[in-house]
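Q: Starting from the structure of chain A, add chains B, C, D, E and F where the hints point.
Line order of the protein sequences matches chains A, B, C, D, E and F. The numbering of the first sequence is our numbering, which starts it at 608 and goes up by one. The numbering of the second sequence is our numbering, which starts it at 608 and goes up by one. The numbering of the third sequence is our numbering, which starts it at 608 and goes up by one. The numbering of the fourth sequence is our numbering, which starts it at 608 and goes up by one. The numbering of the fifth sequence is our numbering, which starts it at 608 and goes up by one. The numbering of the sixth sequence is our numbering, which starts it at 608 and goes up by one.
Some clues are possibly wrong.
Stated by the list, open to error - In the DSBU-like style, the derived pairs of lysine-lysine whose C-alpha atoms are separated by at most 30 Å in a straight line are: (1) B:K895 x D:K610; (2) F:K610 x C:K619; (3) E:K795 x D:K809; (4) B:K696 x B:K763; (5) F:K619 x C:K696; (6) D:K895 x D:K723; (7) A:K619 x E:K696; (8) E:K728 x E:K809; (9) D:K610 x B:K673; (10) B:K852 x C:K795; (11) C:K809 x C:K699; (12) E:K728 x A:K610; (13) D:K610 x D:K699; (14) F:K780 x E:K619; (15) A:K696 x E:K619; (16) B:K699 x D:K809.
Quick caveat, the hints were computed from the structure, so don't treat them as lab data.
Number of protein chains: 6
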Amino acid sequence: MNKVDLSFQSCKSSYEEADVVIFSVPMDSTTSFRPGTRFAGNAIRVDSIGVEWYSPYRERDLNEFKTADVGDLDLPIGAVEDALDIVYKTTKQILNDGKTPMMVGGEHLVSYPVIKAVFEKYPNLHIIQLDAHTDLRESFYGRDLSHATFLRHVHKFVGDGKIYQFGIRSGEKPEFDWSAQGHTHMRKFDFEGLDEICEQLKDVPVYVTIDLDVLDPAVFPGTGTPEPGGMQYKDLLWAFDQFQKLNNFVGADFVELAPMLDPSGASTAVAAKTLREMVLLLQMNREKR
Amino acid sequence: MNKVDLSFQSCKSSYEEADVVIFSVPMDSTTSFRPGTRFAGNAIRVDSIGVEWYSPYRERDLNEFKTADVGDLDLPIGAVEDALDIVYKTTKQILNDGKTPMMVGGEHLVSYPVIKAVFEKYPNLHIIQLDAHTDLRESFYGRDLSHATFLRHVHKFVGDGKIYQFGIRSGEKPEFDWSAQGHTHMRKFDFEGLDEICEQLKDVPVYVTIDLDVLDPAVFPGTGTPEPGGMQYKDLLWAFDQFQKLNNFVGADFVELAPMLDPSGASTAVAAKTLREMVLLLQMNREKR
Amino acid sequence: MNKVDLSFQSCKSSYEEADVVIFSVPMDSTTSFRPGTRFAGNAIRVDSIGVEWYSPYRERDLNEFKTADVGDLDLPIGAVEDALDIVYKTTKQILNDGKTPMMVGGEHLVSYPVIKAVFEKYPNLHIIQLDAHTDLRESFYGRDLSHATFLRHVHKFVGDGKIYQFGIRSGEKPEFDWSAQGHTHMRKFDFEGLDEICEQLKDVPVYVTIDLDVLDPAVFPGTGTPEPGGMQYKDLLWAFDQFQKLNNFVGADFVELAPMLDPSGASTAVAAKTLREMVLLLQMNREKR
Amino acid sequence: MNKVDLSFQSCKSSYEEADVVIFSVPMDSTTSFRPGTRFAGNAIRVDSIGVEWYSPYRERDLNEFKTADVGDLDLPIGAVEDALDIVYKTTKQILNDGKTPMMVGGEHLVSYPVIKAVFEKYPNLHIIQLDAHTDLRESFYGRDLSHATFLRHVHKFVGDGKIYQFGIRSGEKPEFDWSAQGHTHMRKFDFEGLDEICEQLKDVPVYVTIDLDVLDPAVFPGTGTPEPGGMQYKDLLWAFDQFQKLNNFVGADFVELAPMLDPSGASTAVAAKTLREMVLLLQMNREKR
Amino acid sequence: MNKVDLSFQSCKSSYEEADVVIFSVPMDSTTSFRPGTRFAGNAIRVDSIGVEWYSPYRERDLNEFKTADVGDLDLPIGAVEDALDIVYKTTKQILNDGKTPMMVGGEHLVSYPVIKAVFEKYPNLHIIQLDAHTDLRESFYGRDLSHATFLRHVHKFVGDGKIYQFGIRSGEKPEFDWSAQGHTHMRKFDFEGLDEICEQLKDVPVYVTIDLDVLDPAVFPGTGTPEPGGMQYKDLLWAFDQFQKLNNFVGADFVELAPMLDPSGASTAVAAKTLREMVLLLQMNREKR
Amino acid sequence: MNKVDLSFQSCKSSYEEADVVIFSVPMDSTTSFRPGTRFAGNAIRVDSIGVEWYSPYRERDLNEFKTADVGDLDLPIGAVEDALDIVYKTTKQILNDGKTPMMVGGEHLVSYPVIKAVFEKYPNLHIIQLDAHTDLRESFYGRDLSHATFLRHVHKFVGDGKIYQFGIRSGEKPEFDWSAQGHTHMRKFDFEGLDEICEQLKDVPVYVTIDLDVLDPAVFPGTGTPEPGGMQYKDLLWAFDQFQKLNNFVGADFVELAPMLDPSGASTAVAAKTLREMVLLLQMNREKR
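Pulled out of the complex, with its shape left as it was, chain A reads as follows (with noise of 0.2 Å):
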């Protein structure tokens, strides 16, 4: 008799042996709205039971790829700063290891120690970005490091031409105003133009972060600031096809599923959806290289 073992669906490997991995970051400290992101992980995992293994959109099983599950991250709660700087070194040493990082929040903040991990394997990396939300504040009630700046911070050291934003409905006039001189690529609304984007970044590094309230609350209504007008999940799929045109896809995560916030499970079966294609997506992207 085994201990028991929640890890995701099949994604039962070892660290050792996995050339995924999944980790989760169970941090909402600087959420302004509504938290409860930090329970995302385990309700995936506990859920993940009612996910197939196989996607028919990719035509691909997770059962034939190796992928760990190492878990909740352990932080500490409160400490900012000391949470974000586990992050970076656990990314660090997955990308060191030479697996893939695939990240679960939390926040939307928790994506920044992971995309500056890899941007530091990957110097000229490329971000697409899915998200209602701009995050493209300076500063937010007084912190610089904040789920509502985060992306202002990853600029700083991708530099310009370097950001893909989609989906954006809710910011300041400010951060609208700075993205239109030139420093990110800003589509309102919709997926618009994802294609093209995806055809030109073919052969460069890309990380894709999907915060995942960049659908409408009608399909996942289980996060801390719902935006109306946003996507349906088959704009999602489709960009997941997108994706896979990728060439060199170094890195992904998605976030700011609150699944207390929605006790019908529907968000949680969304974010576990996601987390199989997202697999399936990096494990037949390193197929290619």
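A: Just chains B, C, D, E and F, lined up with the frame of chain A:
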């Protein structure tokens, strides 16, 4: 003063005088993830006060027709085969009495005995299934008859080319492969081609089985296994328009409402409106014949 | 230290200095199915912290304008006529003071006294209604004035050809027939033609009344009578674009949020965003005049 | 095959043959805080499958008796006086036909017409009320008849010394003062003395009205105005033991279940068990007479 | 980096080194009313982060002991007998390996195979049951083995005078009568006498089975069949004090948490605290032996 | 027409004229399990319409006194120390202005700066804490100031023998041991002895801090870390009777309501009634002085 009557909406005819007979099957014994569909029938009855009797889609009113609602069947709990036998015999009786059956699940397995009984009356029966899931496994968790296998077992008596599946987006690879060998017509992801199929099947006997999880969980979160990326309710209304073209629409069901999973009541409203439309379609079809 | 101020978002002007005045009407006395819209106003106020003040759709910020929020009206419970009279007098005063009324329901009947007051100031008033329901009954459950009759009674004073209904998908047959006799312009099921109507009504005084149940229950489950097959929030945003073309937009309301029915808060977020957009439209319209 | 029968538990007698008659009153028109008691009757019916027919407290079984359930009365929405008149006439008929009325609310105001009808048959009627609230205002929000005034108006016809209140823990000061002048017997906070009162009232006609919010919100959260500091269910069971001593128990009700406010179903279970006990008490009392 | 470990609290020993072994049984196949207990085990695991490892009642810490958590057993859905056989064999192995079994249900029927295995090791086994329900039917809905019959079938092998039931408040009359014939010791409604019974059973092997619905639904609403009038959690803690007196406490279980029915998480917290106390009692008992 | 006023109940005095000042602290940054207490203040305000202004326990009415409600403090999110400083300065100002502070949390850490400010005015301050948790850790997750450590840090300035803890039932062993060394008076599990302590502390300045999770989760499920085995609300009312004996009751708070975790509203009702009683106690105490 009369005894309480909680028949669905205005469907208060006696069994004897009715043309269409509604019955519900409170069974979810083989449900593998979240149970609760056993409560669908009465939830729909109680909430049917919130739905109009007139359909602006059909431009007809339930009040123009004679429909009986005989309620939940009385089933032995935990005894799958015995329960299915009661469903089968009930359907037989309704058909023998010259009435059209309208079944409300329950899990999808309960469609099996209904279709079997309808097939025995109409040996050239064709099946249209709207569903997120393939339901084509040979066996599931060691059982032959299960919600995940029922259509494979229906195929055993109706044969190749008689089953038309739409909206499918979840299953195991061997199920998709088996279908692709010509055993069923399967349209993945959406309802494209349903209009032409209905045109083709105009004059043969047709049974329609709707797993409401074919709808996106946004529209229908109150179900055991929500599968993101599904259809809008307007798509289902368009499907009803296609069913109206059939000349020999001999029976129907919908399944998989688990009302407790959506306390907002929106999922139950979806089911109640679906029941009104389905009863009208069956009644209007009888007028044609 | 000041008293607690829970005005909607940044709408913290005093009544005297304001151009647009928000007021909410905590009444659901004639609601026939699930009540609870009485709680809408304060739910929106408290959750408005989750909505940005800047609209990327209007490219304007609430902070640029002077808007007052006078809160819930104080109404006698269970006395429908007395309550409607208070709503009527409040609207009269707002209009007499040269301000534009923005009302938040409550049930749809509370639009009746608001529209009456607006009509008395603008006798050539035209009404645009977005709604799932016809609301054209002569009487309902023995009452003349009810959420299900209010528009029929508005028609009595505005007359034929002044009412434009969109998105209608539920009602009794006589209501649809009465409309078809030319009493109202009714577009069933969607918003098709709303752009042309707004073009036609460009220079006449227009009042917009939105029953949020015109949205699909997926988008807006927090309402008493969810009616599947409705509009997406993007459709509503498109409608707002049309309203922006009007030159004489003299008042507006939205109704039928029942916040307790959607504990996820997504429905309240829909209402809060709608309120931001509506206030901006009314304020921008005043700039034109 | 028979029409669906959702009578409470085994209470499937026809009206004609029944000794005790259950009816429910779907009215919450004067509810000042959270409405929803209109749905109590059918919620109890549907969930009564979860309650045994045998009571180990009474050591009797519902099956031994003839009880009818005539369901929700059909009431005009928003017309308080007309609705109360229907409740009054229904109770009169039940009494005239020699049967005992068992009413299920709705808000507490609906007890008023029931008690009035019972009083007209039994002019020496005594009332035992278990309630968190005094219900002794002269008028409330400008209305004479309201859930907060009903007992004051009952007092107008039964007179001083006939009303016994227990468990009271909320009201306005003038209500407590008015009671203290000898108009009603009021026991604050608990049921102390109920045993002696039942002994005293052994041989006079007694009507029992239970506002289930007399229970602590822990036990009964599904009510519009939860008032902490209430009774345990075991206390209520002890009260039932006292009622069993009465020789002339001529009618009863319980009110204020709002089932949607407690989706766990525990509050509805409290109501269902209470209904079983009350029906048994009324039936056993008829055996004595 | 290690694979995710969601063992209950600090119970992270391997099976080999453990003295007490936790396993959970995700089965609710014969549940007659509201299902969902299949999800209890993992809900407790994930929420166990909210419970301290130290018990101020036992004045001991889980960390002092070696406990393994082997997780949910892997069961064939819908095949009751096969599932029970797996539970039986698992318990046998744990006992054969000299460890003490701590089972978490699932429905109460799953206690049957556990008790059977324990009885085979300890033929003089005595059973203490804390439960709202008698569970003494001969058969239920046509089945011999069911949650409502399991104790009758346990009686068949342990015999008269070996079963002690406390807190019983629901059942059919024949069950109470059968018990009163001396087959079981039954204390209705509360735990009175449990201290003396534990004194009496001090030196015989004792198994404790706790149906958590023995608690009042106020304390434990997250269960399929809430039965008002139950025990407080402090009463259960007092019962644990009594169990501490036993010298030969050879196995235990608790059952009937349906976590989805109580989204507040309070019921899951009740189960998690109960699991901590039960494991400590079993471990401390082994120290004595 | 005035701006919306959502002050708690009738507490509508201006700050200047008030004797007691209510303020709420929307902070839950160090919450280790389920967050959400940041929303407590406004939830209580909005629902306070459901609570009477008169207390039959105190036999006084809120309307007799001058109380201000200054609302949620405006805090920097994610910056714990800065937020605590704002709470500290606010309390200082209230005290300097000769008013009594009544704070509503937030997590329990926010009591720390309030007590610090009160201590600086009253150096002989004694603290009565009602709580499920010890809150006596030296540090927690690497932080000195945390909800789990706050009382240990209060001890650093008030010193031995000044802190009285009641109802404690969760913590780590070293916390219990440290208290037992005489640093605090700790009564485990219940309120026994609180009456005598209040008698002893009659004439010294006393601050009362209530973590509402001292109540059983049955009574108060809407909290982040529900701990079964707690107190009934009647026990808390008895504690209030004891507090009424104090002659120098100089400040108070209650904390840890997370309203979203209990959508029934019962927990918010508990908090609202507690706030009414606490304000009355503080006001009545000022009358004595």
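Q: Hint by hint, note whether the structure agrees.
A: Tested hints:
no., hint, verdict
1, B:K895 x D:K610, "holds (27 Å)"
2, F:K610 x C:K619, "holds (8 Å)"
3, E:K795 x D:K809, "holds (28 Å)"
4, B:K696 x B:K763, "holds (20 Å)"
5, F:K619 x C:K696, "holds (25 Å)"
6, D:K895 x D:K723, "holds (24 Å)"
7, A:K619 x E:K696, "holds (25 Å)"
8, E:K728 x E:K809, "holds (18 Å)"
9, D:K610 x B:K673, "holds (13 Å)"
10, B:K852 x C:K795, "holds (21 Å)"
11, C:K809 x C:K699, "holds (24 Å)"
12, E:K728 x A:K610, "holds (25 Å)"
13, D:K610 x D:K699, "holds (29 Å)"
14, F:K780 x E:K619, "holds (20 Å)"
15, A:K696 x E:K619, "holds (25 Å)"
16, B:K699 x D:K809, "violated (58 Å)"
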